[in-house]
Structures are given as structure tokens and as C-alpha cells.
Amino acid sequence: MTASKDYTAQEIIVVAGAKVLEDNKIVFVGTGLPMVASLLAKQTHAPGLIPVFEAGAVGPPLNVGLPISVGDSKTFTGASFVGGLNAAFELTQRGFADFGFISGAEVDKYGNLNSTMIGDFPAGYQTPKVRLPGSGGASDMAASCERTILIVPHDKRKFTEKLQYVTSPGHLDGSPGARFDAGLQGKGPYRLISTKGIFDFEEESKRMRLIHYFPGETIESVQAATGFELLVAPDASEFAPPTEEEVRMIREDIDPNGAFVKRAKKKVNKNINLTAQQM
Amino acid sequence: MTASKDYTAQEIIVVAGAKVLEDNKIVFVGTGLPMVASLLAKQTHAPGLIPVFEAGAVGPPLNVGLPISVGDSKTFTGASFVGGLNAAFELTQRGFADFGFISGAEVDKYGNLNSTMIGDFPAGYQTPKVRLPGSGGASDMAASCERTILIVPHDKRKFTEKLQYVTSPGHLDGSPGARFDAGLQGKGPYRLISTKGIFDFEEESKRMRLIHYFPGETIESVQAATGFELLVAPDASEFAPPTEEEVRMIREDIDPNGAFVKRAKKKVNKNINLTAQQM
Amino acid sequence: MYWTGLSPDEAREALVNKDKSMKDKRMTLKEAVSQFIKDGDNVGVGGFVNIRQPIAITHEMVRHGFKDLTLSWQSAGMAPDYLAGAMMLNPDHFSIKRIELAYWAHEAFGLSPMFRFLAERGMLEIEDWSNYNMSARFKAGSMGLPFIPTRGPLGGDIPSSCRTKIIDCPFTGRPIALLPASNPDVAIIHVQVADQYGNCIIRGTDATCAEIAMASAHTIVTCEQLVSHELITQTPKDVGIPFVAVDAVVEVPFGAYPGACRRHYYFNGDHISAFHAGATEMCKGGAPDTLKTYYDEYIYNTKTFEDFIAKFPVKKLIADQKAESFNCERLA
Amino acid sequence: MYWTGLSPDEAREALVNKDKSMKDKRMTLKEAVSQFIKDGDNVGVGGFVNIRQPIAITHEMVRHGFKDLTLSWQSAGMAPDYLAGAMMLNPDHFSIKRIELAYWAHEAFGLSPMFRFLAERGMLEIEDWSNYNMSARFKAGSMGLPFIPTRGPLGGDIPSSCRTKIIDCPFTGRPIALLPASNPDVAIIHVQVADQYGNCIIRGTDATCAEIAMASAHTIVTCEQLVSHELITQTPKDVGIPFVAVDAVVEVPFGAYPGACRRHYYFNGDHISAFHAGATEMCKGGAPDTLKTYYDEYIYNTKTFEDFIAKFPVKKLIADQKAESFNCERLA
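Chains as they are written, first to last, in numbering that gives the first Met the number 0: chain A, 0 to 278; chain B, 0 to 278; chain C, 0 to 331; chain D, 0 to 331.
These are computed hints drawn from the structure, not numbers from a lab.
All C-beta atoms, glycine included, are put in the ideal place defined by N, C-alpha and C.
Check each hint, because a few of them may be wrong.
Unchecked claim - Computed list of lysine-lysine pairs in DSS-like fashion (alpha-carbon distance at most 30 Å, straight line): (1) A:Lys186 / C:Lys17; (2) C:Lys236 / B:Lys261; (3) C:Lys315 / A:Lys24; (4) C:Lys22 / A:Lys186; (5) C:Lys283 / B:Lys157; (6) D:Lys302 / A:Lys128; (7) A:Lys4 / A:Lys157; (8) B:Lys24 / D:Lys283; (9) B:Lys24 / D:Lys17; (10) C:Lys236 / C:Lys283; (11) D:Lys24 / C:Lys236; (12) D:Lys96 / A:Lys128; (13) C:Lys283 / A:Lys24; (14) B:Lys261 / B:Lys128; (15) D:Lys302 / D:Lys291; (16) A:Lys261 / D:Lys321; (17) D:Lys22 / B:Lys24; (18) D:Lys236 / C:Lys24; (19) D:Lys66 / D:Lys29; (20) B:Lys186 / D:Lys283; (21) C:Lys236 / D:Lys22; (22) D:Lys96 / D:Lys283; (23) B:Lys161 / C:Lys283; (24) D:Lys321 / A:Lys161; (25) B:Lys186 / C:Lys164.
To be verified - Take a look, some chain C residues computed to stay more than 10 Å from chain B by CB distance: (26) Glu106; (27) Arg262; (28) Asp295; (29) Glu323.
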């Protein structure tokens, strides 16, 4: 279990995300790094992990490779159940998803996420400064999965006191029972994984709390890159770097084409890598 | 086209019911005589009739024989679509059923039907004098099919001024827009076929109106057997008796075991006739 | 407002801490019934009229004995008949407190004398709905919603005999009914095919089985044929009920007999009538002897459903299978 | 409250007098697009992101030209990209007035430069929902209901940017969202298999295609493979969209390309990027030349979608088919 010397920021996110997932639980997997992390978990400590994808696949073995879309053909082969979007979200709204695993562009200290727009809401809603893709299924997962795991690249502007638009509700304003009172289900954000560390949400205040900083970071450096005041767990510690084997699995077995995990050293054209010839 | 001399009351109902059905229309078929009539229509003037059954079959050719349940295996073979009850009723609520074809135990002059209970409602609801099977899908068909065709055995107590329980709404109290105002869809009862004749519902008053009396009946005899005042169409006329060929088709081709159309002459044990050996 | 099974929040909570893993759920019918059904439960009944009803499960429930059950279904025949007949004979051993239903009878095979007996004597609470109403209530339960809108019960007396609430639609202003979700404590379902994890294939009508299973806190499934997970996942779109919704899987050939089961057997109308005969006598004020004889012979003195099926002449069973193979001809 | 497609009552009325018979609905794509789509329509777009999107139909729509369309979908990629790119080049020929959506981008293939271009310049009205919201809105439309409840949009800003109404549940007292139904004027859908009457088999994700088709007044279907009614009705449970909901059937192999279509072909990411290049230039303030060259070569100067597909190297098409056959290996 030698520690990797050349892992990337995305790779440590993937490893951290995989470790948060528990064996034999149902995880509703959003697009992007959550797919890579779920596959790594399934191939390591959580072979009984049951992935659900919003386009309708329940429990696929994912043995034909990494899906590059949550509606990818690769999510359906060998699945236990295949429906459409309504079926997947109804199942989730019912309570079958232990975890929801989503990424977002902006996050606040209560784990609310923005993936809709950068700009002035509501006044500038129809003329956003930057138009992001929109919720997709993220706000539904945030509303109905029992616990959510969030991935957000760490950046002072992206870890912000006030979101420009709340796409996916987290702990809302952090007040006791806020989610229940709003009609939401589930316990809300459970872990957040950034490019700098792993966070939970403190029980009482529901505020984001640093529990592990990644190698090369300190409590101070993480706080310095965060646009709000972080809580810090009493036993906050450095997260172990990915092992060489974990990095090898990501690069060679799971995402050999760099669909979501970009290669650090040599410049690779992502689009060429995603084409069919390389599959 | 020789007129039959020995047809039964059920057989003329079946022939009359078949004739009301139009080719190339979608008919949501309730259990019992509506199934026999739909099959007769399909085998005579309406080969393009599209039957829908509430258990989920859409458009079966019904070429493996008469179903004896609306969830019968015979309704699914060769169907264009097979779902469950929600799928069938959602399709109907959407507006895909041109006709709903149902039977009931009691009817009033506005075509409202009772198939729930004989007794005192609401006071005696939990201790009915006679407990009938309940709505099944009849009230849903009444609420959402575009037009309904009703079959009720003619009897002064069953054609009643006031129903003991309204299971399936017809024209309600007959007032203009009553169905729309109640939130219902479709135009409501279109024809009623009894053991004595065929009725429509007069445009303005929505009251039951005799349009054809069966051979052997007169306007007066039908009125005498009816517990409310009937309207009579200006051109009310005698309905032509079933032809020998129609009766032969019912007895030999469509319901050879007398599942729904009882044999007149010789006493037949219906249950024995329904068993598998005879199929 | 009261919830007769689980409230929407309780139904959610029931799943949160449940082990939903893909594990071997095979057990005996006796184990399944004693482990997952308890007195006072709301039991969701699968199938439709006499099609694919969970007959074997109801026999085991009768042998076990239960008190004060609420039964929920859209249209049913033999499954509630078996439970109700047991109550007619000995309500101390088996009792139904309440039914929520659209229809209880037998289409071509006539009325249910059990229903008439219990209802006309006021022995159970009745809540009338329609087929779509009950189907939509289970659907709401399976979706994790407290209610679902439908047009179905508008305009008649059904809204006066059930818990529907009619509101003015906030978008159109026209009346629309809101039906409270049904989340039974336990679903009892018979299917054609299942794997050991509980993935189920249903042939012919899906009825409302997936919705009932997904809505309930627990689900017992019997199947005609237990197959490997590898086989079932070769055609995942055939799976009507996913394993996540199932707690017990029992292979029970003829598990819906004397009702019908697509691809397996057609109705045995003779036996349905024979079973009804004793209840009809009681309905007319007669003695329970005929019905008691039936229960003793076919249920209490058999240990398993296999013993029940073994009481039928082989020729009759084969005839009922052949009748069904005519309905949906295919190569073996 | 206004309805952007048909109101629930209009949607009902649209079906009442419609010829719903089982008739031959085969026609050319050109006939289908000109017969069933008109200026100002709300168009429901099938598929999911770049999976089974109705690409061939959007090409034909671009050639035809339409004004002031409203487009509705859950998550989409290339289909609205093609329509939006046409608007970027010449809004007098093709224009989108409004979009109702959950997501417009390409997952692993990045953002949509067309969406950024139009949105950041305020060139279209946007109504944001979630994937479940849009799916449920189509579902409500397909069910003939004015609304459907969901939890999805609660607690964030989505309710402030769309027509959701949040009410207190009359059964539980807790907040619940009511989403207005979506009943588009026309649905555009690509499927794997159809018969001449419009019965459709969908492989892999059903997406929300059945709901969109059932909700819409008219539906245009393209399919990879047109088969006989006899074949399709041998497995009626495979039929995902029944013929009653379909108005036009066109056999268009590769009809979702350069997106993916289960059992047929995997993504052509190169081409997606090549198409995006011109729009990205415009997004950065550049000239429309690159995008215009693309449209001229691939759409305006091709008469049919077959001509578009013929522009790809045979080796590339076969490679994309082989990649997909690895995803779901089976015997030919």
C-alpha cells in the first residue's frame, strides 16, 4: 500500500469519495466524479454497493466500463431494473436511496449547492452572467436521498457565504428541523469532498466542518481558500494520500480515457479520448 | 339475414351493444356482457375496434377467445401494449377512450349507476341490506371515458328515481355543465341498453329517452317497467331482432361456454362450463 | 385524518434503516408469513380479481392466524375469500377489521358470499374506492408522496364513503380529488418469476403489484419459477418489481391456483364454486359445516401449499395448464 | 397562471376528436415535420442528454425553419444545440422563444456553448426545473391531470424561478410542491423499434419518452428499425409507447447520432466537439463563420438525414456501432 507520489486533485477526490461510500448501501450516482468514485468503491471495499442512475438503471454491475453519462448504455447492462427518469426518482422519493452523490459549482456553509447560474437572482435570472447547465437531477437527489455526498472544487469564490442561486437544498439556513419544515426528506448533506479536504456538517449548527485536510494542506490553508468561516473538528487530521494501487485502478481500470479524471502530466484531448475507437 | 326466433334477453343486449360501437374507435370494456358485445362488434361491422381492458391490455385482437375477466390472459395475447391498472386508467384519464362500456345494478334517469350497495346510505353504509361488489373500474370509466354505454337489466326497482348509492356518475342531476363543474371529463352516458330497449339521454335535460324498444315491448310496457318518467324520442321505433347469424356467432363462436350469455333452453351449470377442460 | 397502514413519514422511516442489500431472501412460506406479518397490520393484496392473487400466502396466513387485519387491494376474489372464510368460521383465530377496496367478487364466477356475509352483518369496516383510486393510492405510496390527484371519485358517493379530499385545482380552478397514499405494512404478491434477491418478472397484467410492493414496509413474494440472477438480468426491462422492494422470496408453483396465472394455468372455476358453496349456505343462515369441512380438508389439514395442490386430480391440473398454453401459445 | 403548451382541458379536447385508429402512420421526415409542427408550438423533446435524442428530427426542423418555439425537456444536449445553433445564425429563419428544462449540457462532453450564448444574451425565456420535475410534469400531462405533487423543488430557488405552487399537504400538514402538467403541442422522439402504427420499443433508459408522447397533442417518432406489427405484438410488454399516442413513424437509422442509442451506436464525441467549436467562438464574441460552415455542410446542403450520416467515414460509424455492441453484447 505505497502512497502515490503523483496523484492529481481529482484522483484524491475520487479516492475520498469512494471511502465515504459504505458496502451494501444504495447510492444514487450523479454524473462526473461521483461515477468514478462509485466504481472505485465497488471494485475495492464495497462490492455490494448498489448504484442507481437517474435515467433508470438500478443495481448494474458496471462491468462493461465507466459510464460517461448517467443514461449511458453501460449503466443498463446487467442491471436489476431498468425504467426511465420517473421510475428512478419515484424510488428515491420513496426512500430507497441511502446516499445521493452529486457535484456542484458553488456551495455555502450549510451544504446548499448552486449549479444553475452565476449572476443576480432573481433580477438577472433571464440574463445570467454565466449560465450553468441547471439542476439536472441534483435538486431531486438533495430533496429525497437519505444523505448526500457533495463534490465541489475548492475555491474561495465557490465556497461562498451566500449562493447566487440555490439549486440543490442542503441544510438550508441550518436551523433545527429546517429540512423537515420545508417538506424535504432525508438528513441532508453528510460529507463534502473538495480539492482540499473532507468535511462533515456539525450536528447542532449544520455548519460545514473540516474533518480531513488533504496532504499539502493545513487547517489554515483550507480556511484561507474558503469564503466563509469553517468549523474544524477537534480531531481534524490529514487524509492519507491515495495509494499507488488506487491511482493505478483509476487510471488504468476505471477511467482509462480520462472521461472525468483528467491526466496531470501530458496534455490529452479529452474529446478524442471519449470517442468510440478507444473503448 | 333471417331474424332469430329463439334469442334471449341477454343476446339482444349483446347485439344492441355491438351495434352502438363504432369501427376504429377505442372502447374501454368492462366485465360481463360488454366483453361479449365488443367481440361481436369486432367480428362484424367493427374489425378496427380497439378494446382496452382495465387490467392493462390495449388493442388485443381477442383471437384466443372470450376473456372471462378483464385481467384474463386472453386480453394480453397480441395486444399492442400491456401494463397494469394505473397505466390503463391514466391512458383513459388522458382522453384516449372514445367509449366506456359498463354495466350496473341500478340506474336513475340521468344515467348514474349503483354497483356498491342496496341499503341506506350513508346511515347504513357499514351494514348494507345487500352488498354488491363495488365500483371496480366503473366509476373511473364513468369519470374519464369520452362517452359511456351502460347495460342494466330492466326492472322497475332497478330503474329508480333515486339511487341508494351513486357509484358511477352519469349526468349527475342533469343540470347544464354538471359534469364539468364536478371536475369530470367526457360527455357522460351516451346510450343505455336494457332488457327492454335502447335509450339515449336527451340533449337539454340529460334525461333518459327511449329510442328503440325491443320486439315484444311497446313504449307503454317499457315505461310501466321503469321507476321514473321516461322521455320518448319522436321517432322511437322497434329494434330489429338479432339475426340467426348473430345469435349463432354469440352461441358458437364468441361465448360457447355461456360464461356471460346464459343458455335459454337447457339448464347449464355455468361453473362447469367455465372450467378449463372446455376451453 | 388517520393512516390505516403507515403514514407517509412512517413509510419513509421504515426504509431508512432497513437492510436493502442484494442478499439471498429465500425462505419457507411459513417463515415469511410469521416473520413479516403481525396482528393489526395493513396487508396490501396483489393480483387482480382471480388473476395472480397470492393464494398460497393467504392459506399460510389462515393456518398461522391473525387478528384485526386491514386488507387493501383494488379488485380481488379468492385471496380475501380465503381470509374472510376463516373469519366466518372462527373470528378468534382469524379476523379482518377493515377493508379498503374497489371490488370484491369474481366477475364470471359471481359474487363473493364471504363479502356478503361479513358486510351485511357489519362485521368489518368498509372503505369503498375505485380500481383507479386504489391503484393510484398504492402508486402515491410507492412514490413517497402523501397523496395523488385523480378524477376518478368525483361526482358520485365514493367521496362520501372514503378519505378523499376534493379541492379546487390551484392551476385550473376545477375540482380535483386528492387521494391519500396507501402504505401497507406488508405486501403479499404472487409473480411468475423471481430471483433469490427478489427481482420479479410479471407476465400479463402487472395489476398494481409493483406499486403495492414499493409502497409497503415489507413484501412477501411467491413465484411460479425461481431463476438465477444471471438469467433475470439478461432482460432487466422485464423486471417489474426490483429486489429493493422485496423481503422474502418463496418458490410456490400454482401459488395463485385455483385462480389463473398467465403462462402457467387458467382458472379452475369448479373449485372456486365448490369453495363458495359453504359460505353461500352460511350467507343464507345455514350452518358452517360445509365451509368448515372445506377449510379442514384443504387448509388446516395440509401443512403446505404443495399438499393443497396435491389434492387436485393430475388430469385437472394438466388441463388447466393446457388451457393457459392455448391462451399464449409459445415454444417450451 | 398560463399554460405554455396546451392547458389540461385543451389537451383532453385535442384527443377527443382525433382519429386514434390503428392505421399506417409511415411518412417522410419532411412530411412529419411540416404536418405536425407549427410556429409557436411547445415541442417536447425526447431522450436524455445525448442518449436517444431526436437528432434527425431537429435537423429537419432546422431546414424547415420555425418561429417562437417553446422547447420542453428534462436533460438535453445535441437536440436543442442544433435548434439553438440555427437561431444563433439566423433568428429570422429559426427562433426559440422559451425553454422549460432541468439541464442543458453534455456531461463528459462539457457545457453547451449554444445555451450560454442565448441565455447570457437574454435571447430566450428560461424556466428552470429539475429532472424529476420535468419528468413528473410530462407524467401529469400523460395522466390527464392538471398537476402532480413532488418533493423535488422544495427548499431552494427553483420554486422562485418556475410555476410550482407549494401548498400545505391537506393530509399531513407538511409543505409539498404541486407542479403544473406539461402538455406539449408536439413530441419529438427517437426509439430503437417501431411498427407502422407507432407501437414503440425502447432499449435502455425509457427517459421520459412515453410520458412526453402521451402528454402531447401529436407525436413524431423516428426509429432505428421498423418492424412488423406481428413481431412487435409477440412481446407486447416490450412496447414502451403504444400506437394510440403516435401520429408519424419514420425509419431513420442513426437518428440520434452523433449521440448514442442503446444496441445501435455509442457517442461520437469528436463530432460533438467539432459542432460546438463554432458556437464557442461566437460565445467568445467571435464571428459566426465556423458555425455557419458547419450548418451549411451538414444540414442546409443535405436534403435528408441519410446525407448527413453519409458524411461520416464508414470506419467511424462501424467503430461507434462496435463500441455499443461491447456495451450490450448479444447475438445478432
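Hints versus structure:
1. Our distance criterion of 30 Å between C-alpha atoms is met by Lys186 of chain A and Lys17 of chain C, whose separation comes to about 16 Å.
2. Under the criterion of a C-alpha separation no larger than 30 Å, the hint pairing Lys236 of chain C with Lys261 of chain B is inconsistent with the structure, at around 42 Å.
3. Proposed proximity of Lys315 of chain C and Lys24 of chain A is contradicted: the alpha carbons are some 47 Å apart, above 30 Å.
4. A C-alpha spacing of about 26 Å is found between Lys22 of chain C and Lys186 of chain A, which places the hinted pair at or below 30 Å, so the restraint holds.
5. For the given pair, Lys283 of chain C sits about 23 Å from Lys157 of chain B by alpha-carbon distance, which is consistent with the 30 Å threshold.
6. This hinted pair does not check out: Lys302 of chain D and Lys128 of chain A have alpha carbons roughly 38 Å apart, beyond 30 Å.
7. Between the alpha carbons of Lys4 of chain A and Lys157 of chain A the distance comes to roughly 28 Å, so the proposed pair stays at or under 30 Å and holds.
8. In summary, the hint linking Lys24 of chain B to Lys283 of chain D is not supported, as the alpha carbons are separated by about 56 Å, beyond the 30 Å threshold.
9. For a cut-off of 30 Å, the pair hint linking Lys24 of chain B to Lys17 of chain D stands: about 10 Å separates their Cα positions.
10. Taking the CA atoms of Lys236 of chain C and Lys283 of chain C, the gap is about 49 Å. The hint is violated against a cut of 30 Å.
11. With a C-alpha separation of about 27 Å, the suggested pair Lys24 of chain D and Lys236 of chain C falls inside the 30 Å cut-off, and the hint holds.
12. With a C-alpha separation of about 20 Å, the suggested pair Lys96 of chain D and Lys128 of chain A falls inside the 30 Å cut-off, and the hint holds.
13. As the CA atoms of Lys283 of chain C and Lys24 of chain A are separated by approximately 56 Å, the hinted pair breaks the 30 Å bound.
14. The hinted pair formed by Lys261 of chain B and Lys128 of chain B meets the criterion: a straight-line CA distance of about 27 Å does not exceed 30 Å.
15. Simply put, Lys302 of chain D and Lys291 of chain D have alpha-carbon atoms about 17 Å apart, close enough for the 30 Å limit, and the pair holds.
16. Distance check on the hinted pair: Lys261 of chain A and Lys321 of chain D sit about 25 Å apart at the alpha-carbon level, within 30 Å; holds.
17. Only pairs whose Cα atoms come within 30 Å are accepted, and Lys22 of chain D paired with Lys24 of chain B is accepted, the gap being roughly 12 Å.
18. Note on Lys236 of chain D and Lys24 of chain C: the hinted pairing holds, with a Cα-Cα distance of about 27 Å set against a maximum of 30 Å.
19. Between Lys66 of chain D and Lys29 of chain D the alpha-carbon distance is near 17 Å, which keeps this suggested pair within the 30 Å criterion.
20. For the given pair, Lys186 of chain B sits about 57 Å from Lys283 of chain D by alpha-carbon distance, which is inconsistent with the 30 Å threshold.
21. As the CA atoms of Lys236 of chain C and Lys22 of chain D are separated by approximately 28 Å, the hinted pair is consistent with the 30 Å bound.
22. For a cut-off of 30 Å, the pair hint linking Lys96 of chain D to Lys283 of chain D stands: about 23 Å separates their Cα positions.
23. Restraint check for Lys161 of chain B and Lys283 of chain C: satisfied, since their Cα atoms lie roughly 28 Å apart, inside the 30 Å limit.
24. Note on Lys321 of chain D and Lys161 of chain A: the hinted pairing is violated, with a Cα-Cα distance of about 48 Å set against a maximum of 30 Å.
25. Only pairs whose Cα atoms come within 30 Å are accepted, and Lys186 of chain B paired with Lys164 of chain C is accepted, the gap being roughly 24 Å.
26. Annotated as non-interface, Glu106 of chain C brings its C-beta within 10 Å of a C-beta of chain B; the closest such distance is 5 Å.
27. Under the 10 Å C-beta cut-off, the non-interface status given to Arg262 of chain C relative to chain B is violated; the minimum distance is some 8 Å.
28. Chain B leaves Asp295 of chain C outside its interface by the beta-carbon criterion, the shortest separation being 23 Å against a cut-off of 10 Å.
29. With 10 Å as the threshold on Cβ separation, the claim that Glu323 of chain C sits away from chain B is violated: the shortest Cβ distance comes to roughly 6 Å.
Checked against the numbered hints above, the structure breaks hints 2, 3, 6, 8, 10, 13, 20, 24, 26, 27, 29 and satisfies the rest.
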